[in-house]
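*Asks:* The lines below spell out each chain.
Protein chains: 2
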Amino acid sequence: MDMITLNITTESSIPLYLQLYTFLKIEIQEGRIPCDTKLPSKRKLSSYLKISQNTIQTAYDQLMEEGYIIPIERKGFFVCKLDLIASLKTEEITKSLDHGTHNPSIAYDFSYHGIDMETFPFSTWRKLTKDVLNEFDKELLKLGNSQGYGPLRSVIASYLHQSRGVPCTEQQIIISSGTELLFQILFQLFEEDCMYGIENPGYEKLNLLFTSNRARFKAINIDKNGMIPDEVINSGANILCITPAHQFPSGEIMPINRRIQLLNWANEASGRYLVEDDYDSEFKYSGKPIPALCGLDSNEKVIYMGSFSKALSPTLRISYMVLPHHLLVKYISKLSYLICPVPIIEQKVLYQFIQEGFFERHLNKMRTIYRKKRELLVNQIQQLHQNIIISGADAGLHLLLKVNNGMTEEQLVTSAFLKGVKVYGISKYYYNQENPIHFCSVLIGFAALSEDDITKAIKKLSEAWFSFSLNS
Amino acid sequence: MDMITLNITTESSIPLYLQLYTFLKIEIQEGRIPCDTKLPSKRKLSSYLKISQNTIQTAYDQLMEEGYIIPIERKGFFVCKLDLIASLKTEEITKSLDHGTHNPSIAYDFSYHGIDMETFPFSTWRKLTKDVLNEFDKELLKLGNSQGYGPLRSVIASYLHQSRGVPCTEQQIIISSGTELLFQILFQLFEEDCMYGIENPGYEKLNLLFTSNRARFKAINIDKNGMIPDEVINSGANILCITPAHQFPSGEIMPINRRIQLLNWANEASGRYLVEDDYDSEFKYSGKPIPALCGLDSNEKVIYMGSFSKALSPTLRISYMVLPHHLLVKYISKLSYLICPVPIIEQKVLYQFIQEGFFERHLNKMRTIYRKKRELLVNQIQQLHQNIIISGADAGLHLLLKVNNGMTEEQLVTSAFLKGVKVYGISKYYYNQENPIHFCSVLIGFAALSEDDITKAIKKLSEAWFSFSLNS
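So the protein lines, in turn, are chains A and B.
Following my numbering, the numbering of the first sequence begins with 1 at its first residue and continues without gaps.
Following my numbering, the numbering of the second sequence begins with 1 at its first residue and continues without gaps.
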């Protein structure tokens with residue numbers, strides 16, 4: 001290359017040589033100056049950029065030292081060959097990573113991660129944050145309790161007690177930033193040789209989480225009532241991770257007798273536990289709320305996990321678990337070096353939000369909104385076609401559709417996608433794909449879509465699934 | 001007991017029997033109703049509480065089912081024996097756990113975790129938070145990129161580039177909630193059989209973290225310049241965790257030749273890495289800032305870790321690491337299911353804080369404040385007694401005192417404690433206590449104490465350490 005153009009400024013606090021060095025380094029790293037390129041001579045570049053030859057020499061020297069360029073006698077400086085695959089590849093992949101940005105061709109996404117986009121209590125949250133950010137509150141700058149902010153744990157305890165029938169004290173509660181981190185605490189708390197059992201089908205992230213943390217686990221098949229007791233026994237698992245309030249993805253509620261069966265299984269041997277993930281239990285639209293399984297446990301066998309991701313927002317990253325006393329003792333002796341990852345400011349805001357009754361009101365509001373969305377969705381689907389079987393209890397923020405139109409799951413997902421609607425094939429929630437089920441079911445979450453969008457989306461699904469000829 | 005008194009309310013949404021059941025359960029659990037206590041008869045209690053005998057029967061039945069009480073024929077219901085040790089013990093321990101609350105007998109705590117208590121930019125933070133909490137910003141309610149908020153990663157990248165000489169792109173940055181969580185990502189990223197090397201002495205939490213995560217590690221002795229190359233080679237470690245900018249606890253800066261030695265060691269074999277924890281490098285008070293070791297690395301051998309704990313506040317829980325490209329590719333293919341634990345609201349506030357230049361100004365301000373505190377501290381100590389050797393570079397937020405007054409480390413810490421001053425014995429930072437060093441050094445952090453307190457605290461230390469007779 002005969003010349004390099006960059007904005008080099010003498011005002012900057014960055015030395016000139018460093019500006020030039022960095023510019024060239026990045027240009028080379030990112031392949032914009034390909035290997036074997038000859039860099040301009042010091043003399044030429046110096047007169048072009050109006051900086052001294054010494055400055056350029058220093059920059060070139062540094063690039064040489066770091067192996068970006070190589071001097072060839074009486075020829076000049078040449079760019080060395082770098083393995084760029086990594087950096088290029090990563091840029092592509094990272095770009096595609098942003099869950100926040102959605103595929104533009106998708107007009108309606110039935111994701112089950114979302115929440116209603118219109119009702120987050122921004123003004124209350126703003127006000128409470130303003131109040132909490134108080135110069136005179138030294139607590140805001142001191143690392144607090146490893147388990148989380150005491151008053152927040154205390155209001156969570158009474159909420160769990162009253163709303164979920166979970167008898168616990170604030171001492172038993174550990175606050176963290178998401179189910180993943182709570183499980184990572186359990187991995188540290190329990191012995192290496194213990195075997196976890198996860199629901200099959202189940203939350204697709206669990207097996208990734210368990211695999212990458214080298215936690216031994218078995219995928220245990222479920223029936224309509226939850227994990228199948230015989231399979232539990234045969235699995236050799238001693239810690240079962242279950243979603244009794246609203247199984248993910250089936251959406252079924254675990255009946256009392258299955259709950260008792262699993263509790264009895266846990267009571268039969270020491271070292272057996274149930275991890276109850278109560279992820280969206282706030283939302284039950286008909287009948288009495290069913291207390292958490294944890295409430296039936298009188299032998300310290302259940303670890304209860306909850307979260308504010310569905311009730312408030314997943315982006316707050318606040319979740320918690322309730323440890324039985326004997327595990328709490330173990331936690332305190334072994335893991336209290338951990339620092340609660342949730343910022344104290346946010347914990348105090350949430351505490352105020354619950355304490356002053358905003359949370360209860362917000363929950364009631366959300367229940368109404370989600371009930372209406374669910375009813376609308378169900379009605380529209382029923383009108384759509386008699387060959388669609390809706391399954392999943394009248395609870396939570398998602399349901400399952402079994403579409404008997406001759407399409408496979410893949411065809412259902414693709415045809416919907418082509419109409420700009422994203423639905424989620426059930427097969428991805430199965431750990432072992434050899435599972436002998438003919439898939440023609442999709443999961444749809446409805447929390448994030450407006451009622452208007454739901455109506456439009458279902459029309460699209462109708463076109464995708466029922467206005468076609470199988471021969472085409 | 002002849003009667004039970006509790007506030008039972010018919011207004012509550014909680015059924016009467018549940019109120020009674022819960023009350024009794026907790027009373028029994030927490031030992032306030034001791035075992036073998038006879039509960040009041042249904043008849044008596046019903047007339048006393050003005051609720052039906054059936055309600056009481058239901059509550060008693062539930063307590064029986066759960067094994068809290070047992071019926072004895074023609075005698076009544078008696079409380080069963082429960083193993084209360086756990087619950088009681090945990091309450092004691094958890095009470096003692098609250099790092100936020102300090103020992104009242106300690107007037108001056110030379111903790112190295114603290115920060116200056118007067119200068120956190122509350123008003124700016126309030127304003128930025130108010131701006132960020134915007135109803136129309138849908139990003140606030142959607143899970144974003146697994147690595148953290150893009151714009152924040154981008155400003156961190158340019159900060160690292162300009163202030164620490166770390167050449168990186170935002171794609172390489174992973175934001176998390178503290179060094180512990182960053183290491184947990186590395187544990188998942190690297191193979192199970194790799195061997196970590198930690199500095200000895202070093203940050204006391206690392207060995208707890210590595211042990212409870214079952215990561216293999218060796219404690220590698222340091223000399224004045226950092227990890228001793230021969231010991232590195234003999235350790236069999238392939239990933240070294242080091243603090244070159246300001247070794248913890250020695251406070252020394254790793255000279256360039258040792259940096260190059262360690263880099264060369266890493267370059268000699270694949271699978272070797274250096275994890276550079278740059279935890280308090282923002283604070284260098286004299287001479288030129290020394291660029292991060294990472295800046296010398298041209299072979300993707302250094303993982304750089306940084307944090308806002310010292311520069312802003314540990315309670316924000318925001319830290320980050322820079323992954324070399326080939327490790328980033330691995331992260332993306334293996335771990336991008338992870339969710340960034342830092343709330344998006346906080347990430348956006350911090351982004352604005354940096355982007356609008358507040359961070360740079362805050363850092364400059366803190367440098368001046370901490371420089372003054374350190375100078376004051378050093379002067380006071382030098383005046384205090386010629387037998388105290390201060391070590392540690394003119395950087396960071398702590399220094400080491402070697403006190404040659406005939407006291408052992410334990411005596412130094414205890415005598416200070418008795419005067420209401422907390423200092424930290426160096427021995428706790430050694431992994432293997434058999435290390436043959438005669439300890440008479442203590443670590444003191446000065447960030448959280450006011451200049452006035454520093455003066456007073458040093459007076460106390462003078463009394464503790466030099467106004468005594470060894471015979472007494």
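One should not assume that every hint holds.
One copy or any two copies: either way a pair holds, since identical chains are not told apart in the list.
[To be verified] Capping the alpha-carbon separation at 27 Å, the derived lysine-lysine pairs in DSS-like fashion look like this:
| no. | residue 1 | residue 2 |
| --- | --- | --- |
| 1 | Lys365 | Lys130 |
| 2 | Lys419 | Lys365 |
| 3 | Lys218 | Lys330 |
| 4 | Lys25 | Lys288 |
| 5 | Lys459 | Lys330 |
| 6 | Lys127 | Lys138 |
| 7 | Lys301 | Lys81 |
| 8 | Lys138 | Lys456 |
| 9 | Lys130 | Lys422 |
| 10 | Lys205 | Lys428 |
| 11 | Lys459 | Lys138 |
| 12 | Lys127 | Lys459 |
| 13 | Lys138 | Lys460 |
| 14 | Lys138 | Lys419 |
| 15 | Lys25 | Lys130 |
| 16 | Lys50 | Lys372 |
| 17 | Lys365 | Lys284 |
| 18 | Lys81 | Lys25 |
| 19 | Lys301 | Lys373 |
| 20 | Lys373 | Lys138 |
| 21 | Lys81 | Lys127 |
| 22 | Lys138 | Lys422 |
Don't read these hints as lab results, they were simulated from the structure.
*Asks:* The structure should be examined with respect to each hint, and the outcome stated for every one.
*Replies:* Outcome of the hint check:
no., hint, result
1, Lys365 <-> Lys130, "both (24 Å within a copy, 24 Å between copies)"
2, Lys419 <-> Lys365, "neither (32 Å within a copy, 57 Å between copies)"
3, Lys218 <-> Lys330, "both (25 Å within a copy, 25 Å between copies)"
4, Lys25 <-> Lys288, "between (65 Å within a copy, 23 Å between copies)"
5, Lys459 <-> Lys330, "neither (55 Å within a copy, 41 Å between copies)"
6, Lys127 <-> Lys138, "both (20 Å within a copy, 19 Å between copies)"
7, Lys301 <-> Lys81, "between (59 Å within a copy, 18 Å between copies)"
8, Lys138 <-> Lys456, "between (52 Å within a copy, 21 Å between copies)"
9, Lys130 <-> Lys422, "neither (39 Å within a copy, 34 Å between copies)"
10, Lys205 <-> Lys428, "within (10 Å within a copy, 39 Å between copies)"
11, Lys459 <-> Lys138, "between (56 Å within a copy, 25 Å between copies)"
12, Lys127 <-> Lys459, "neither (41 Å within a copy, 45 Å between copies)"
13, Lys138 <-> Lys460, "between (55 Å within a copy, 24 Å between copies)"
14, Lys138 <-> Lys419, "between (55 Å within a copy, 24 Å between copies)"
15, Lys25 <-> Lys130, "neither (44 Å within a copy, 39 Å between copies)"
16, Lys50 <-> Lys372, "neither (69 Å within a copy, 41 Å between copies)"
17, Lys365 <-> Lys284, "within (13 Å within a copy, 53 Å between copies)"
18, Lys81 <-> Lys25, "within (13 Å within a copy, 72 Å between copies)"
19, Lys301 <-> Lys373, "neither (37 Å within a copy, 52 Å between copies)"
20, Lys373 <-> Lys138, "between (44 Å within a copy, 20 Å between copies)"
21, Lys81 <-> Lys127, "neither (56 Å within a copy, 49 Å between copies)"
22, Lys138 <-> Lys422, "between (48 Å within a copy, 19 Å between copies)"
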